[in-house]
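Peer 1: So the chains spell out like this:
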Amino acid sequence: MQKKLIVAIVVAIVAVAVIVAGWQLTQLPSPEARPIKIGLVACYEKAEGQDMDRAAKLAVKEINDAGGVYVAEWHTSVQIELVIADTQDDTPGKAVGPVTRAVTEDQVDLLIGGYTSAGTLADQVVAIENRVPYIITGASTSLVTRRGPQANFGTATDEQKIDDAEGMSYMFHYCTTTADYSKTVVNFFAESMKPLLDSTYEFDASRNLRLAILYRDDAFGKGVAADSKSLIESNDLPIDVVAERSYPATATSFQTDLTAIKDAKPDAVYVVDFIANTAEIIKEGQRDVGLNTVYIAVECCEDPAFYTLLGEYGDKQLLESKFAPYAGPPFYLDTIETYVTNYQQEYDTIPGMMGADTYDAFYIAKDAIERAGTVDKAAVRDAIESCAIDQMLVLTETGKIEFSTGTDYHEIAPVTFVEQLVWNEAVGECRSVIVYPATAPGVGELKQADFVLPEGYEPGSS
Amino acid sequence: MNRTLVNSLGSIKREFMNFSHSQKFYFFLAVMAIVAIMPLFVSDYVVGEVLTPMIIFAIYASSWNLLASSGQGSLGHAAFLGIGGFASALLAIKSGIPPIIGLFLGSLLSAAIGLLIGLACVRLKAWFLAMVTFGFSVIIVTIFSQFDDFTGAVMGFRTPLIVERGVPFYYMAFTFAAVSIFIMYLIMKSKLGLAFRAIHQNEAEAKMIGINTGKYRLIAFVISTFFAGLAGGLYAQSIQYIQNFIFEPYYSFLPLMMAVIGGLGTIEGPIIGSVIIRAIESYLPSIDSALDGLLHPLFPSVNHVGPPLRMLGLGVFLIAVVIFAPKGVAPLIRKAYNYLRSSTSEEKT
Amino acid sequence: MITTSGIVEALLWGVANGCIYILLATGLNIIFGVMKLVNFAHGQLLMIGAYIAFAAATALGLNAYIAILVAMGVVALIGVGLERFTFRRVLGTDKLNEIFVSLGLIYVFENAAVLLWGNRSQQIASPFQGLQLSLGQVSIGYDRLLAISVVIVILIALFLLLKKTKIGLAMRATSQKSTASMLMGVNIEKVYIFTFALGAALAGAAGALYGIIFPFNPGIGALPTIKAFAIIIIGGLGSIPGAVIGGLLYGIAENTAVYFLGGIWQDAIAFALLIIVLVIKPTGIFGEKGE
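Chains as they are written, first to last, in numbering that gives the first Met the number 0: chain A, 0 to 461; chain B, 0 to 348; chain C, 0 to 290.
Everything labelled a hint here was simulated from the structure, so no lab data went into it.
Note that this is a predicted model, so its numbers are computed, not measured.
C-beta atoms are modelled at their ideal positions from N, C-alpha and C, and glycine is treated no differently.
Warning: the hint list may mix true and false statements.
[Stated by the list, open to error] Among chain A residues calculated to face chain C with C-beta under 7 Å, some are:
1. ASN129
2. ARG244
3. THR251
4. ASP256
5. ALA259
6. GLU345
Let the sequences and hints guide you as you build the complete structure.
Peer 2: Okay, structure coming up:
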């Protein structure tokens with residue numbers, strides 16, 4: 000009798016051992032495990048593209064050094080392998096090829112990047128057709144996610160529509176659009192600047208703020224100008240657009256246009272262009288034309304080069320932004336402090352704006368793959384759609400990174416703000432402080448200082 | 000005008016007869032065969048993004064070459080590339096006609112505008128024509144932008160496809176290229192081509208022997224811009240997008256470089272030039288990051304040395320060809336080919 | 000909104016801008032008049048002039064206006080090199096070859112500039128920056144006034160050189176009939192080198208002035224070339240007084256057009272004028288001299 004008991008116990012132990020061993024074996028890293036390939040779509044001929052490259056490499060290094068991305072399906076963590084899709088100057092002719100190669104030859108699991116509107120609209124088609132998740136961190140047009148049925152085709156013309164719901168579901172827009180920046184700018188003028196003008200110069204409350212828009216003649220410039228005007232109208236804001244001038248993208252001098260704007264007597268000038276031209280306009284306006292007003296630049300100017308070019312002429316001028324590496328320390332968010340410090344340590348320069356979106360996108364991708372448990376593109380897409388991680392370098396209205404599933408399809412709700420530049424004698428350059436809005440979710444108090452009028456400011460006519 | 004047409008057609012037909020019995024014909028067939036089976040040996044990406052553009056730009060460069068053979072060196076051919084691209088896409092989208100018809104109509108429209116510009120240029124000397132054509136390519140950007148509501152040129156748009164991109168389109172482009180270049184070859188060898196070359200060589204003398212230089216210059220313009228428009232329509236298909244970028248000076252200088260480097264005035268020159276330049280553009284960028292590492296200390300002001308170095312190299316290449324090998328690379332290749340043939344004996348006449 | 004002071008300012012600035020174009024166009028004209036050569040890369044010489052002046056001003060700490068002389072000298076030397084090693088070899092061959100060589104040179108110069116100085120916009124710091132001369136409601140910068148003065152001085156010097164010196168005589172003789180002047184013992188080669196160097200020096204001066212007034216980058220050479228051509232065509236190829244008048248007219252036309260119509264017409268104006276004039280009168284408004 001005892002013998003049978005012993006035999007039974009031994010058999011039980013052996014059975015348990017076999018089961019446990021078997022279970023352990025299935026938990027070993029699957030032989031299919033391989034690095035995750037993420038394609039970076041960036042225009043290396045431009046400074047912005049290089050900023051994206053540095054930010055991407057920093058993110059990849061951080062993630063890989065911390066162990067990589069855990070893929071449940073393979074029972075192990077794997078590293079991220081960065082595949083570069085260099086679109087050179089990001090014109091459609093040059094953008095489609097590299098992205099095609101990344102998708103068809105390099106077989107990337109995911110794409111991150113994009114810079115110009117036209118180039119991205121062209122190169123995203125490859126990702127749409129091949130069902131590759133694409134986190135678009137550039138392109139100021141909302142069409143990149145709204146050109147499909149989920150958004151009722153947005154403002155797409157017939158030519159731009161893509162009637163492929165499944166394909167479009169792989170597109171995500173982690174960036175601000177022209178509407179996002181225009182909204183903050185016109186609201187700033189209505190809520191913050193107009194009251195200050197009225198009280199300083201004893202204007203009647205019914206006097207509308209006189210705004211001039213000076214923009215470059217391309218999709219970006221025209222988009223911002225159009226969005227600003229329509230927002231003013233639809234929200235019935237107390238702003239009059241007294242002058243609207245545009246110039247070819249190749250222009251380097253704007254004195255005549257500025258003179259015409261001066262003649263229109265504006266209270267403020269909204270300059271829509273990239274770093275070099277915006278800096279030049281702000282300088283020429285004050286130095287050569289005598290247009291002593293306040294200028295506001297678009298967020299793409301949030302870059303070290305802008306501050307260097309402006310020099311003292313930037314004092315008290317405005318910059319709409321979504322990522323402010325110059326507004327601190329102390330920064331309004333810890334993640335910003337960490338990123339700026341690490342970036343400076345790695346590359347010996349202050350980060351620009353394009354890189355911020357790119358950096359975040361890599362973490363979005365990591366989170367999505369980990370929650371999906373697989374690199375299967377459809378599952379990853381679903382996981383990105385249900386993303387709910389805390390905001391990182393870009394502020395959002397809810398404090399979390401969330402992609403909408405409504406008609407603003409797969410867009411985030413970013414919080415943009417207005418900074419005022421202040422001349423810093425010690426550094427020999429301007430630094431910035433946030434002046435609007437007062438608060439933001441997840442951050443609390445956002446405003447760092449009150450908006451003041453520049454020295455020698457002249458309002459438009461009373 | 001009727002007599003010219005009849006004479007020209009007759010001459011072209013004769014040339015065709017001559018050609019089909021010549022040795023060149025077999026060479027031509029061999030090339031066609033190679034191109035036809037390429038997709039079996041290379042990846043789809045190479046077919047779509049390397050070979051297809053080579054073919055399309057071969058048409059484009061040939062069209063420029065034909066115009067230049069009449070002494071008219073256009074610096075604004077991108078205007079017609081773009082007109083063809085936009086017209087073919089817009090026609091297909093806005094009036095619902097099949098894209099392939101749009102392609103032809105777009106090329107015709109390009110030729111029609113070419114006629115107008117040609118008329119403006121008919122009395123102009125080489126430098127002025129170059130300036131006017133360049134000017135036209137700049138103005139057309141402004142025009143397309145001003146009418147953006149109709150053209151969609153500022154943001155650009157998706158072009159409707161005739162066939163699927165990749166291998167099917169490769170064969171379609173190849174068919175168009177073979178036919179187009181063949182037609183241009185026959186024209187250039189015919190009496191028309193002779194007239195072009197006479198005008199190029201010495202316009203005053205050509206006039207004296209009774210050639211109506213104005214008429215032939217116009218004919219060259221119309222033919223050239225037709226094929227440039229065709230190339231434009233095809234190019235828009237290959238990237239499935241069209242936008243103002245197509246008018247950039249880069250696209251005007253490209254056919255010039257291809258034709259001159261390959262061999263101005265020859266039929267194989269533009270093709271060779273297209274292959275060379277497109278190969279450079281497709282493959283040289285891959286060493287850019289290595290170049291950055293190597294050369295950054297030499298050029299501290301530039302973050303990305305590759306593209307300017309490449310462009311500078313192309314400029315030097317062009318100048319070198321013009322000064323030292325004015326007939327282009329084609330004769331050098333021909334010499335090499337002859338050398339190889341002679342070393343394997345067997346003389347064919 | 001259009002005001003008289005605005006218009007006057009636009010006109011004044013048009014004159015200042017026009018002066019820079021005059022220098023460029025004159026250089027092109029001289030080269031064409033004597034050598035029958037058209038160099039499309041002429042605008043790139045302007046760009047190089049701006050960078051040389053900038054380098055001289057920053058590296059050697061020279062006054063911006065002294066840097067003009069340095070720019071003229073260096074660009075003249077570059078001109079000599081160009082003439083000897085490229086243009087001389089294609090002179091006399093197919094006219095299209097000149098166009099091809101010019102195009103190659105455009106690529107070479109622009110990208111050399113990018114490699115040496117980067118893509119960023121620069122500007123030459125002038126001691127008079129920001130200072131304005133106010134005449135009632137109209138104001139014009141000192142730099143612009145100085146630019147006009149410098150151009151006048153250079154043009155006077157040029158006039159004296161052409162009319163009073165031996166080399167000037169040789170140049171004028173060559174521009175009329177090169178074979179005849181060869182028979183009369185003029186060393187054509189020397190004349191060509193000198194002419195090209197002179198044309199280049201003028202372009203270099205134009206570039207140095209440009210760099211003081213406007214921000215510049217490696218790509219700014221293309222448009223001034225077109226404008227120089229427009230001016231020459233308006234004024235008549237080979238005619239220097241024509242180029243002066245044409246330059247002033249052009250500068251004024253461009254600025255007023257931008258003032259009234261908006262900046263987007265800036266570039267198109269040059270071409271529109273060019274095309275209109277060429278179509279109506281292929282030899283230019285004042286006709287051609289020489290050729």
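Peer 1: With reference to the structure, classify each hint as holding or not holding.
Peer 2: A quick look at each hint next to the structure:
Taking 7 Å as the C-beta cut-off, the interface hint given for ASN129/A is violated, the closest approach to chain C being about 34 Å. For ARG244/A, the suggested interface contact is upheld, since its CB lies about 6 Å from the closest CB of chain C, less than 7 Å. For THR251/A, the interface hint holds, the least distance from its beta-carbon to any beta-carbon of chain C being 5 Å, beneath 7 Å. Hint on ASP256/A holds. Least Cβ distance to chain C is approximately 5 Å, under the 7 Å limit.
Because the beta carbon of ALA259/A sits about 6 Å from the nearest beta carbon in chain C, less than 7 Å, this interface hint is met. The beta carbon of GLU345/A is not positioned within 7 Å of any beta carbon in chain C (closest approach about 22 Å), and the interface hint is therefore violated.
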